[in-house]
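Colleague: Given next are the chains, with one letter for each unit.
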Amino acid sequence: MATDNQPKSATLRELAQMVGGRVEGDPETPVASAWPPEDCDRDSITLVDRTESLPRLAGCPAAAVVAPLDGPATGRPTIRVASVHKAFAAIVRHFRPDTTRRISGIHPTAVAPPSAEFGRDVSIGAGAVIGEHVVLADGVTIGAGCVVGDGCRVGESTWLASRVTLYPGTLVGERCRLHSGAVIGADGFGYRQEAGRHVLAPQLGTVEIGDDVDVGANTCIDRGVYGPTRIGDGAKIDNLVQIGHNCRIGRHNLLCSQVGIAGSTTTGDYVVMAGQVGVRDHVHIGKGAVLSAMAGVSNDVPDGEVMLGAPATPLREQKLKFAAIAKLPQLRKEFRELKRQVARLQAAVTGAGQAGDEPSVQAEEKRAA
Amino acid sequence: MATDNQPKSATLRELAQMVGGRVEGDPETPVASAWPPEDCDRDSITLVDRTESLPRLAGCPAAAVVAPLDGPATGRPTIRVASVHKAFAAIVRHFRPDTTRRISGIHPTAVAPPSAEFGRDVSIGAGAVIGEHVVLADGVTIGAGCVVGDGCRVGESTWLASRVTLYPGTLVGERCRLHSGAVIGADGFGYRQEAGRHVLAPQLGTVEIGDDVDVGANTCIDRGVYGPTRIGDGAKIDNLVQIGHNCRIGRHNLLCSQVGIAGSTTTGDYVVMAGQVGVRDHVHIGKGAVLSAMAGVSNDVPDGEVMLGAPATPLREQKLKFAAIAKLPQLRKEFRELKRQVARLQAAVTGAGQAGDEPSVQAEEKRAA
Amino acid sequence: MATDNQPKSATLRELAQMVGGRVEGDPETPVASAWPPEDCDRDSITLVDRTESLPRLAGCPAAAVVAPLDGPATGRPTIRVASVHKAFAAIVRHFRPDTTRRISGIHPTAVAPPSAEFGRDVSIGAGAVIGEHVVLADGVTIGAGCVVGDGCRVGESTWLASRVTLYPGTLVGERCRLHSGAVIGADGFGYRQEAGRHVLAPQLGTVEIGDDVDVGANTCIDRGVYGPTRIGDGAKIDNLVQIGHNCRIGRHNLLCSQVGIAGSTTTGDYVVMAGQVGVRDHVHIGKGAVLSAMAGVSNDVPDGEVMLGAPATPLREQKLKFAAIAKLPQLRKEFRELKRQVARLQAAVTGAGQAGDEPSVQAEEKRAA
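From first to last, the protein sequence lines are chains D, C and H. Position in the first sequence counted from 1, then plus 11, gives you the numbering used here. Position in the second sequence counted from 1, then plus 11, gives you the numbering used here. Position in the third sequence counted from 1, then plus 11, gives you the numbering used here.
Heads up, a few of these hints could be off.
[Said to hold, decoys possible] In the DSS-like style, the derived pairs of lysine-lysine whose C-alpha atoms are separated by at most 25 Å in a straight line are:
{"no.": "1", "chain 1": "C", "residue 1": "LYS19", "chain 2": "C", "residue 2": "LYS97"}
{"no.": "2", "chain 1": "C", "residue 1": "LYS298", "chain 2": "D", "residue 2": "LYS332"}
{"no.": "3", "chain 1": "C", "residue 1": "LYS344", "chain 2": "C", "residue 2": "LYS332"}
{"no.": "4", "chain 1": "D", "residue 1": "LYS332", "chain 2": "C", "residue 2": "LYS19"}
{"no.": "5", "chain 1": "D", "residue 1": "LYS19", "chain 2": "D", "residue 2": "LYS97"}
{"no.": "6", "chain 1": "C", "residue 1": "LYS344", "chain 2": "H", "residue 2": "LYS344"}
{"no.": "7", "chain 1": "D", "residue 1": "LYS338", "chain 2": "C", "residue 2": "LYS332"}
{"no.": "8", "chain 1": "C", "residue 1": "LYS97", "chain 2": "D", "residue 2": "LYS330"}
{"no.": "9", "chain 1": "C", "residue 1": "LYS338", "chain 2": "H", "residue 2": "LYS344"}
{"no.": "10", "chain 1": "H", "residue 1": "LYS19", "chain 2": "D", "residue 2": "LYS330"}
{"no.": "11", "chain 1": "D", "residue 1": "LYS344", "chain 2": "H", "residue 2": "LYS97"}
{"no.": "12", "chain 1": "H", "residue 1": "LYS344", "chain 2": "H", "residue 2": "LYS332"}
{"no.": "13", "chain 1": "D", "residue 1": "LYS344", "chain 2": "H", "residue 2": "LYS332"}
{"no.": "14", "chain 1": "D", "residue 1": "LYS330", "chain 2": "D", "residue 2": "LYS298"}
{"no.": "15", "chain 1": "D", "residue 1": "LYS330", "chain 2": "D", "residue 2": "LYS344"}
{"no.": "16", "chain 1": "D", "residue 1": "LYS332", "chain 2": "D", "residue 2": "LYS344"}
{"no.": "17", "chain 1": "D", "residue 1": "LYS330", "chain 2": "C", "residue 2": "LYS298"}
{"no.": "18", "chain 1": "C", "residue 1": "LYS344", "chain 2": "C", "residue 2": "LYS330"}
{"no.": "19", "chain 1": "C", "residue 1": "LYS332", "chain 2": "D", "residue 2": "LYS344"}
{"no.": "20", "chain 1": "C", "residue 1": "LYS298", "chain 2": "C", "residue 2": "LYS330"}
For the record, the hints were derived by calculation from the structure and aren't laboratory data. Here the structure is a predicted model, which is why all the values come from computation and not from measurement.
Chain D on its own, in the form it takes in the complex (with noise of 0.2 Å):
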C-alpha cells in the first residue's frame, strides 16, 4: 500500500528518536511501515493509545508498538511516549510523505491574468483558473482545477484542495482549508413571484471565512444578497453541508457533514451541529449549543442548550417524548383494559341495564361519525 517508491526502513531505536520516545525490548527491531492494528503486516509499527485498545493487539502481526509511557505491557518491543498519536502521526509521515499539499510554483497550464497579484510561496496547480484583480498571500497553495472569481482575496498559507471554486469577491482567511468540489459563492436561493413565475431577487453580495476555517468535500456556502455571508474564524465544516445566504455562522462552530443551514440565520461561538441537521432562515442558534445527529431547529436556540429530534426539542425533554412514544403502544393496550374495568366497574354500580353505555363503544361511535 505505500505510495511512495523509495522503502525507508527503519530501526526501533531510529524511531524513538525520531519522536522522543523510550524504547522498550529490542531497539533493533526492523520496521518497514506504520499503520492500525487491523492494517499491519509482519513489518508495521501500529499503536495501542490507551489499556481498553490492548485487545485490538490480538492476531495483529505489528512488530512493534507505540504506547503510552505508562501504559500496561504491549506484550512486544514498543516505543513509550507520552502522547501517542503525535508519535504514531510523525512515525506514519516518515513512512508515507504526505504529498497532499505538495505542489510547488505555478504550473505552466495554470491561467492568471497581469492584474492577479500574488505574494511570495504562491503555488498554483495544472489547470487552475485565477480570475482578474485577485490577490493571493504568501504561501497561498490552489489546488489543480480550481476555479478562483475576480476580485477573491486569499489569506497566507491558505490551501485549496483541487477543484474548489471561489465566486467573484469571495474572501478566505488565513491558514484556512478548502477541500475539493466545495463550491463558495453561488447564488442564493431567494425568489419572488411575479405573474406566475418565480424571480430571482438579487443575489449580488459575497462570502466571508475568517482565519482558520476548515471546509469540507463538496460542501456550498452562498453569497450574501448585498453583504456577506460570514463564517467566523476557527469554524470547521464538514463535507456536503449547506450554508445559505446572509448566513452569519459564529466562530469555532463543528458543523457535520451533510448539515444545512437555511438563509439569514446566525449561530454564536462554539456552536457543534452534528450529522444531517436542519436550521431554518432567519433563527438564531446561541453561543455553545448543541444540535444533535437529524435534528430540525425551526425556532431560536438559547445559549448552551442542547437540541434532539425533528421538532428539535431540549434533550431532557426530548428523551422523556421518545421514551414515551416507545411505551404508546403499551400504554394504548393498558387503556382499552382500563376502559374495560371501569365498564365493569360502571355496570356493578349503576346496574347492568348500562352496560351498552360503555366507553368503547362510544370511542368507536365517535370514530365513525
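Fit chains C and H to the supplied structure of chain D, relying on the hints for placement.
Modeller: Chains C and H only, in chain D's frame:
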C-alpha cells in the same frame, strides 16, 4: 471589501438620478459603497425596506439610506423610491459590478471539436471541454472547467457557471442558470441482483431541462433509464439536491437545498419542497403541494396539500400529532393516576379482597410475559 | 432528441434479428428511434415489460413494441423476446450509441509526469491531472478534468467520469465506475480542542475501494486517520453520499442517495441503506440489515434487521409506534372522556362531596406547578 480597483464615488444626487428616486437631505452627500446596515462604513449607503427594519439603522455609520416613498423618517440623507430592492440592487451593482458571468469569447485553453456548433456571442471559459456535436445557442456562457458531453444542446442565454458537468445527450433550455459543481445526467441508481452481485440496469436515457430553470451548486440530476428525466420550465432547484432517474418535475417547482427525490417520481406545477425533504420513488406530488422541511414522503400527495413530518402527514393532522406527543409524558402520568383512582374505586365497590387485581399490576405482568 | 448526427433507421425485422426476437405483424415496419411510451414519436419503438404496463401504450404513437414472449397482444407490430429490457436496451443503444465512456487515447491537454505508469488502452480526457507515481491498469478511463493524486492506483477497466478527485494514495479496484464530482480521500472530520481552538487530528490514511464498486456523483469518501477507509467489493453508492474516515463498508452494500455514515462505522455484506439515512460513528450494521429511508441509527444493528425511523427502531416495533402516534389525538380525547366517567362514578359511589377531587383538576394543578 471592494472587489474592484477603481473607486466609483458618487453623490446622493447622482445615485438618486440613476434609480429615479427623490433626495431627502443633502444631495451632495458623498457615497462610496453600498451595504446592508450591519456591514456599513461611514461612506456607505444602506437600505430600509420597511418600518420594522428601522432599528437595524441604530449604530449603523452609513452616510445615507434608500427607503420607501412613504416610509418613516430615517434621520439621515435618504433616497426615496417606489421599489427599495430594485433601486438598492442597482446602486450595489454601481459600486461592485457583478462579474460573475463576465466571460467573453472562447478561451484559448477551452477544448472544442469541429463538430460542435456555436451561435452568436457564445463564451467559453478556460479549460472547459466541449464534446462532439454539441450545440450552443446564441448568448450561451460556459464557465471555466465545465465538461459538456457529446450531443448536448444548450438553449439561448443559458449560463453554466464554472465546473458544471453535462453528461452526453443532455438538453438544457433557454435562460437557465446552472451553478458550479452541478452534475446533470449521471447514471441512475438501479440494480438487479444476479448470483449475489448487483448488476447495473440499463441507464441509457438523458436529462431534459426546460427554460428558465435554475440548478444549484453540486446538485445532481440523473439520466433516465431509456427516456429523459425532465425538469419543467421555470423550476428552481437549490444546492445539493438529488433528483433520481426518470423523474418528471413540473413547471415552476421550488426545490430547496438537500432535497432528495427517488426515481420515477413526478410532480405537478408549483410544487414547493423545503430543505432536506425526501420523496420515495414512483409517487406523484400534486400541483401546488407544499412539503415542509425534512418531510419524508412515501405516498402520493394530493394537489395543494401541505405535508409535514416523517412519515409525512397533512399539516393540521401532523400538528395535532406533534402537540399530542409533546403532552405524552404528562398523559402517562395522568394515566397512572387514573388507574390508581379506579383501583381504589374498585376496592371501595367490591371490597379490599380485590385490591391485588388492580390494572397496573396486570400491566406489569403482561410486560414481563 | 437524437444525440448523434447519423440517422440509423431500421426495419422491425432487422431489429428483431439484432436482439434474437420474433416479429409479430409487419416485419417491414420502419423504426427510427426507441423511447419509453411517454416519449415516443410515430417512428419510435417502445416497450411493455409486463401486462400491468399495457395501459401506458394508450395514446402512445409508437410504430412498434418490444414485449415478452408470452405477453398479451399489444395491438401493433411487436418484437417478442425472452428479456424485454435486455433487448430494448440493445435497440436504444443502436439508435443512440452511448458515448458516455467514449474517450480514446491520452488527450494532449492532460497532464501526467514521467513517473506515472499506464497499462494498455488507458484513456485520459482533456485537462485531467495525474500525480507522481500513479499507476493506471489496462483499460482504465480517466474523464476530463479529473485530478488523480500522487501514488494513486486504479485497477483494470475502471472508469472515472469527468471531474472526479482522488486524493493522493487512493486505491481503486477493477471495473469500478466513479461519477462526476466524486471526492475520494479528503480529510476526515476529527478535531481535538486546544486552548479554545479546534485542532485537526492526524488525517494520514487512505481510501481503498474494492472491485466492481460504483460511486455516485458528488459523493465523498474521507481518508482514514492512519489506515484506510475501505469500501468492499461490489458495493454500489449513489449520489451525494458521505462516508466518514475509517469506515469499513462491507461487500455488495447498496447506499442510496444522501446517506451519511460517520467515522469508524462498519457494515457487513449486503447491507442496504435507503435515501437520507444517517448512521453515527463507531457502530456496526450487521450483514443483510436494511435501513429504511431517513432512518437515524445510533446503535449497532443486528444481522438481517430492518430498521425504520429516527431514532431507528426495528420495523414491526416502529410501525406499531407510528400507528399509535397516528391515533394519539384520539387516545387523548378518549382519555379525557374516561376521566370524566370515572369522576362521575366516583361521585356516585362516594357522594358529591368528592367531586372536587377529580383527576382532570389534579392534572391541571400539576401542570400549573
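Colleague: Where does the structure disagree with the numbered hints, that is, which hint numbers, in rising order?
Modeller: 2, 4, 8, 10, 11, 17
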